[in-house]
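J.: Chains as they are written, first to last, in my numbering: chain A, 1 to 614; chain B, 1001 to 1210; chain C, 2001 to 2253.
The hints are simulated quantities; they were obtained by calculation from the structure and are not laboratory data.
Treat the hints with care, as some may be off.
Said to hold, decoys possible - What the simulated footprint calls covered on chain B by chain C, stretch by stretch (three residues with Cβ under 8 Å from a Cβ of chain C suffice, anywhere in the stretch; the number is not a length):
| # | region |
| --- | --- |
| 1 | 1016-1023 |
| 2 | 1026-1033 |
| 3 | 1132-1138 |
| 4 | 1178-1192 |
| 5 | 1201-1207 |
Said to hold, decoys possible - Simulated restraints on C-beta separations:
| # | chain 1 | residue 1 | chain 2 | residue 2 | range |
| --- | --- | --- | --- | --- | --- |
| 6 | A | 193 | B | 1124 | 48 to 58 Å |
| 7 | C | 2119 | B | 1199 | 33 to 43 Å |
| 8 | B | 1201 | A | 79 | 27 to 37 Å |
What the hints assert, rightly or not - Some residues of chain A that are not near chain C, with every Cβ distance over 10 Å (derived):
| # | residue |
| --- | --- |
| 9 | 38 |
| 10 | 317 |
| 11 | 429 |
| 12 | 484 |
| 13 | 515 |
Even glycine gets a Cβ: it sits at the ideal position worked out from N, Cα and C.
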Amino acid sequence: MLAEGGAAGAVLQVTGLEAVLDGGAGVGPVDLRLAPGEQVLVLGPSGAGKSTLLRCLHGAVPHAVPARVSGEVVVAGRAVAEHGVAALADVVGVLAQDPETGVCLSDVADEVAFPLENLGTPPAAIGPAVAAALGAAGAAHLAGRRTDALSGGELQRVALAAAVVARPRLLLLDEPTSLLDADGVAAVRAALAAARESTGAACVLVEHRLDALAGDAGVAGLPGRWVVLSADGRVTHDGPAAQVARDAGPELLARGCWLPEDVELAAALGGAVAGPGLRDRVLALASTAPPARGAGCDGVTGPRREVLLAARGLAVGRGPRGRRGRRGPAPEPVLRGVDLELRAGEVVALVGANGAGKSTLLTSLAGLLPPLAGTVAGVRPGLVVQNPEHQLAGRTVAAEVAVGLPPGPATDARVAAALARFGLAGLADRDPHRLSGGEQRRLSLAAMLVHDRPVLLADEPTFGLDRHGTAAVLGVLADEARAGRAVLLTCHDLRAVASVADRVLVIADGRLVADVDPLGLVRDPRLLDAARLRPSRLLRWLAVAVADAGRLRDALAALDARGGFAARDPGAARATPAAADPGVAPVAGEPGVAPAAGAPGAALAAGPAEVPAP
Amino acid sequence: MADGVGGGRRREPLALKDIVLMVVLGVVFGFLYWALVQAWNGLAVLMGPAGDLAQHVLLGGWLLVAPIAIAIIRRPGVGVIAEVLASVVEVVFLGSPVGPLLLVAALLQGLGSEIPFALGRYRRFGWARFAVSGLLGATLVFAWSAFRFGWFGQDVLVLRLVLQAASGVVLGGLLAKVVVDALHRTGVLDGFAIGRAAAAERPVVQRRAG
Amino acid sequence: MTPLEARNPTVKLLLLVAVSLVTLALLDPATLVLLYLLGLAAARWGAGVGPRRLLLAQVPFWSFGVGVLLVNALSRPGEALVAGGPFRVTHEGLVVGAALALRGLVIGVGTVAFLASTPPRDLMVSLTRHARLSPRYAYALLAGHRMLAGLPRQWATIRAAQRVRAPLGRDGRPRDGWRAWARSAFALLVASIRASERVALALESRGLSAGPRSVWRPVPLGAGDAALAGGVVGVLALVLAAGAVLAPAGGWW
Ligand SMILES: Nc1ncnc2c1ncn2[C@@H]1O[C@H](COP(=O)(O)OP(=O)(O)OP(=O)(O)O)[C@@H](O)[C@H]1O
Ligand SMILES: Nc1ncnc2c1ncn2[C@@H]1O[C@H](COP(=O)(O)OP(=O)(O)OP(=O)(O)O)[C@@H](O)[C@H]1O
Ligand SMILES: [Mg+2]
Ligand SMILES: [Mg+2]
Chain A
1 MLAEGGAAGA
11 VLQVTGLEAV
21 LDGGAGVGPV
31 DLRLAPGEQV
41 LVLGPSGAGK
51 STLLRCLHGA
61 VPHAVPARVS
71 GEVVVAGRAV
81 AEHGVAALAD
91 VVGVLAQDPE
101 TGVCLSDVAD
111 EVAFPLENLG
121 TPPAAIGPAV
131 AAALGAAGAA
141 HLAGRRTDAL
151 SGGELQRVAL
161 AAAVVARPRL
171 LLLDEPTSLL
181 DADGVAAVRA
191 ALAAARESTG
201 AACVLVEHRL
211 DALAGDAGVA
221 GLPGRWVVLS
231 ADGRVTHDGP
241 AAQVARDAGP
251 ELLARGCWLP
261 EDVELAAALG
271 GAVAGPGLRD
281 RVLALASTAP
291 PARGAGCDGV
301 TGPRREVLLA
311 ARGLAVGRGP
321 RGRRGRRGPA
331 PEPVLRGVDL
341 ELRAGEVVAL
351 VGANGAGKST
361 LLTSLAGLLP
371 PLAGTVAGVR
381 PGLVVQNPEH
391 QLAGRTVAAE
401 VAVGLPPGPA
411 TDARVAAALA
421 RFGLAGLADR
431 DPHRLSGGEQ
441 RRLSLAAMLV
451 HDRPVLLADE
461 PTFGLDRHGT
471 AAVLGVLADE
481 ARAGRAVLLT
491 CHDLRAVASV
501 ADRVLVIADG
511 RLVADVDPLG
521 LVRDPRLLDA
531 ARLRPSRLLR
541 WLAVAVADAG
551 RLRDALAALD
561 ARGGFAARDP
571 GAARATPAAA
581 DPGVAPVAGE
591 PGVAPAAGAP
601 GAALAAGPAE
611 VPAP
Chain B
1001 MADGVGGGRR
1011 REPLALKDIV
1021 LMVVLGVVFG
1031 FLYWALVQAW
1041 NGLAVLMGPA
1051 GDLAQHVLLG
1061 GWLLVAPIAI
1071 AIIRRPGVGV
1081 IAEVLASVVE
1091 VVFLGSPVGP
1101 LLLVAALLQG
1111 LGSEIPFALG
1121 RYRRFGWARF
1131 AVSGLLGATL
1141 VFAWSAFRFG
1151 WFGQDVLVLR
1161 LVLQAASGVV
1171 LGGLLAKVVV
1181 DALHRTGVLD
1191 GFAIGRAAAA
1201 ERPVVQRRAG
Chain C
2001 MTPLEARNPT
2011 VKLLLLVAVS
2021 LVTLALLDPA
2031 TLVLLYLLGL
2041 AAARWGAGVG
2051 PRRLLLAQVP
2061 FWSFGVGVLL
2071 VNALSRPGEA
2081 LVAGGPFRVT
2091 HEGLVVGAAL
2101 ALRGLVIGVG
2111 TVAFLASTPP
2121 RDLMVSLTRH
2131 ARLSPRYAYA
2141 LLAGHRMLAG
2151 LPRQWATIRA
2161 AQRVRAPLGR
2171 DGRPRDGWRA
2181 WARSAFALLV
2191 ASIRASERVA
2201 LALESRGLSA
2211 GPRSVWRPVP
2221 LGAGDAALAG
2231 GVVGVLALVL
2241 AAGAVLAPAG
2251 GWW
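Produce the entire structure from the sequences given, and follow the hints as far as they go.
T.: Structure representation (structure tokens):
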């Protein structure tokens, strides 16, 4: 079916699209027209329906995910409603968020050849096309490898090669860089640019880590057109990036959207996006920021504080397939010679490249993986693993929090208090698997913290969350430290590290290479490189201007406060809903269905502030 | 296994999602069984000749995949296909020493497990149906095993039959319902036939406001 | 590349099925021993399985075989060879038991040879080309193969995530009962079903359908495979004939 009239030249023509999923969540109405080669960035808070929108565009909704869909989507002249997902594969390339399930076969070259085979490409033409696609994705060196031995970043590159190998006219990218270290992000960025250049594909991109993806080009490195979704899936803005950023910057910040740093700074500090004088305003902010933590309870360095957990000469690693007690080569340690101490009242960040061994080290410190050498001494720590779903063991949210506690009225009271603290009281009877990602993350924290362990180990606690969710989680971690516990977290986001951590441990090349404060890390290019972290412009400016790590943190906190909420202090967020909230706080129809966002407890109400479309 | 097996001529072939689900059920249960057997091995060695009999008690575990797949996908033929796919996983991926003859056992098991659900036209999924499913699966395959392993003429034939049938009812039938119900509660099955059947019974959900 | 590796997987699979079926009709331990020796040779030199690995692969069959032998020897009615208390070992029981145990050994060693010489990818590609298996099933299985490779790691993660909240036992380690095991198993199942939906979508968005497709690196089917098939069938016939002719009237035993 050919679209009529003026749409003939469009790669994508969306008219009055509205999709309502089984649970009642919906997206639309959306009208969108994409010319060949045009790029669009979709923004919105967590749960807004960004992924759902992308799925509508290649027919996964409703062909694979049941939904009521009205309106029309036409891709390259084909109505999606009449064609299945597979029948659009020659014109649409899709790259999903999760690299682990985005790559389906065991051999890299087979994986990339697979779309071509399905399209019936003559075998003689497949080999060169595979090589070209792998080259464009920066993955030529992976051609002979098995996919189960690749890191997340490498997998994502292979998935990208498979998405572009058939030279699609439309590329759909759903958070292609989540969980990747800076090298992985850079690789994806280069691969995307090369793929767009070589195929001229139009592109719809959903992404949280915008600065990482844009690289040094700033806003210019991102698609030139932005479409913004509100928390309930309606389009509130659609236009050139600069215009949307100018018109809606502050409002988007308050809603919890991730924005490019330039836009965020302009929105929070005034002035034009990337305009002159921005740097001066940042520096002014740095010098005037109020100290976030009251004197006395602060402990950037606290030699007097008690050591709660200490590792000496620790070597960690897993055998092939995790087997123990079998003959065969002894497992090669991922990390060795690790000496570290966690003291009461401090937040410590652990950074390193993908596959450096952060998760393995945390598991060992938690006493769940026997060390290959050395010792871990101290109290029994709590551990929050990367994927909250792995931790779920209870049938209801309340039961989940109670797992591992002795039954009785005392436990019930503690559980109730924990639920209230994390804004989960209204969800107490729901199945934990039915929560959104952000809610599950808060639940996993609640379920661990209720055990009152003096040490908390948190693996990528901010992964996949929007700004409100991230702020809430970082706030909780800071609170825990203030209450006298020790917190160790892993994170690929340098700004989050700088805004919460007192100390940073850097691992690289199988060793613990540094133990510095965040400012020391940001100022040391060699260390940053070893940890595969790239500071944004904001951090580089601040690093030069501030006197110490405490001031760096104060400046970031002040910036967050200007942006509509406070990352470090849920109390402050609670106190300032009016300032943060130009509209009316939403009245969620059903307690459980409010979008996953917001600070814990009462601060939640200030989080997903709904802003009426202009 | 051609597309549309058991789907009847007018029916659509199984969705890819359903096929992958069946494979994954085979993979996960195959893996769990392997993990369990690792833990079990010491025990089996200790039991010596009784190990041969003790295996019967666990036999029902092999039947789980078919009733679970049927209850989730609710289409004719799914039980048989799921068992066959699971046996391929077992032999080709996990290297089960039983060899290609496992396919025959899988066909029989799947068939036996499927009969009660077919009689209910894939609309009824009560406890009794699951129990009968496990019972039929176990007894059909018992006939085949008895032939293969020469159990006919052994003194313990009846004991074997009773053990396997009981194991089939409990592990291959009732446990399947427990698993399916628990999975259904979590919402992971919402996109499959079982989830849509439940959604059809509820009033149409209105789009919720933010 | 070993001789068996170079052969077509579908042909090898059919031959393995044929051998398995033939052994089902055999109750003569001598013939089965001969077949077992041939199978060992095929695994060692045809599929290039190292001696150590071959030996290790035999252990489960042997232990299973011993169990079968004992149960049959003790539980089958017939002429008693040894009798002591409630136990008696019968002649028939021994012969039948030995034959049943050997059947398992023959099929087992054949399966080892087959699997050692056949990558799953080649088997599936060949089955779609030469046995008309639908590509949707073949590639769903291959995706399952990749998922399986990731399961041990995921299992370790889930176990760790759940043990951290378990109360400590007397030995100071997290208490670990079958309930905990079942909970972890359920978490693995839920995560895998979620993953299955995403994998299916990934396969579909790359154009996998039941329609015609080309194959980049096809698995050949040729004269060598015919020769292999002829050879195996010939040897099988020879062995059976020898067993029938040479066997003394009352059987070997
Ligand atoms: N298969 C599904 N069935 C029913 N509801 C769903 C399904 N997938 C997502 N939802 C719901 O639809 C809403 C939008 O989800 P979606 O994944 O599109 O959000 P998103 O904007 O991509 O969020 P994030 O930034 O967290 O990825 C959420 O409330 C979610 O719970
Ligand atoms: N259960 C496991 N079995 C075998 N190898 C594993 C297992 N878990 C991790 N590994 C390997 O150990 C190394 C360290 O992995 P780990 O998950 O600790 O890295 P990480 O620093 O957490 O990486 P990321 O930033 O991607 O989360 C990697 O090479 C990984 O492939
Ligand atoms: Mg999403
Ligand atoms: Mg990790």
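J.: Would you mind marking each hint as holding or not holding in the structure?
T.: Hint by hint, here is what the structure shows:
With 7 residues having a Cβ less than 8 Å from any Cβ of chain C, the region 1016-1023 of chain B passes the three-residue criterion, so the hint holds. Note: the region 1026-1033 of chain B has 6 residues with beta-carbon separation from chain C under 8 Å; the three-residue rule is met and the coverage holds. Closer than 8 Å: that is the beta-carbon criterion, and the region 1132-1138 of chain B has 0 residues meeting it against chain C, so the requirement of 3 is violated. Given as covered by chain C, the region 1178-1192 of chain B passes the check, having 7 residues with a CB less than 8 Å from a CB of that chain where 3 are the minimum.
Using a Cβ-Cβ cut-off of 8 Å, 0 residues of the region 1201-1207 of chain B lie near chain C, which falls short of the minimum of three, so the contact claim is violated. As the Cβ distance of residue 193(A) to residue 1124(B) is approximately 57 Å, the hint placing it in 48 to 58 Å holds. For residue 2119(C) and residue 1199(B), the Cβ-Cβ distance of about 42 Å falls inside the hinted range of 33 to 43 Å, so the restraint holds. Separation of residue 1201(B) from residue 79(A) is about 31 Å and conforms to the stated range, judged on CB atoms against 27 to 37 Å.
For residue 38(A), the condition that its CB be more than 10 Å from all CB atoms of chain C holds, with the nearest at approximately 21 Å. Look at residue 317(A): its CB is around 12 Å from the nearest CB on chain C, clear of 10 Å, so calling it non-interface holds up. At roughly 19 Å, the least C-beta separation between residue 429(A) and chain C is larger than 10 Å, which holds for a residue marked as non-interface. At roughly 21 Å from the closest C-beta of chain C, the C-beta of residue 484(A) stays outside 10 Å, upholding its exclusion from the interface.
Against the 10 Å criterion, residue 515(A) stays outside the reach of chain C, whose nearest CB is about 25 Å from its own CB.
When each numbered hint is compared with the structure, violations occur for hints 3 and 5.
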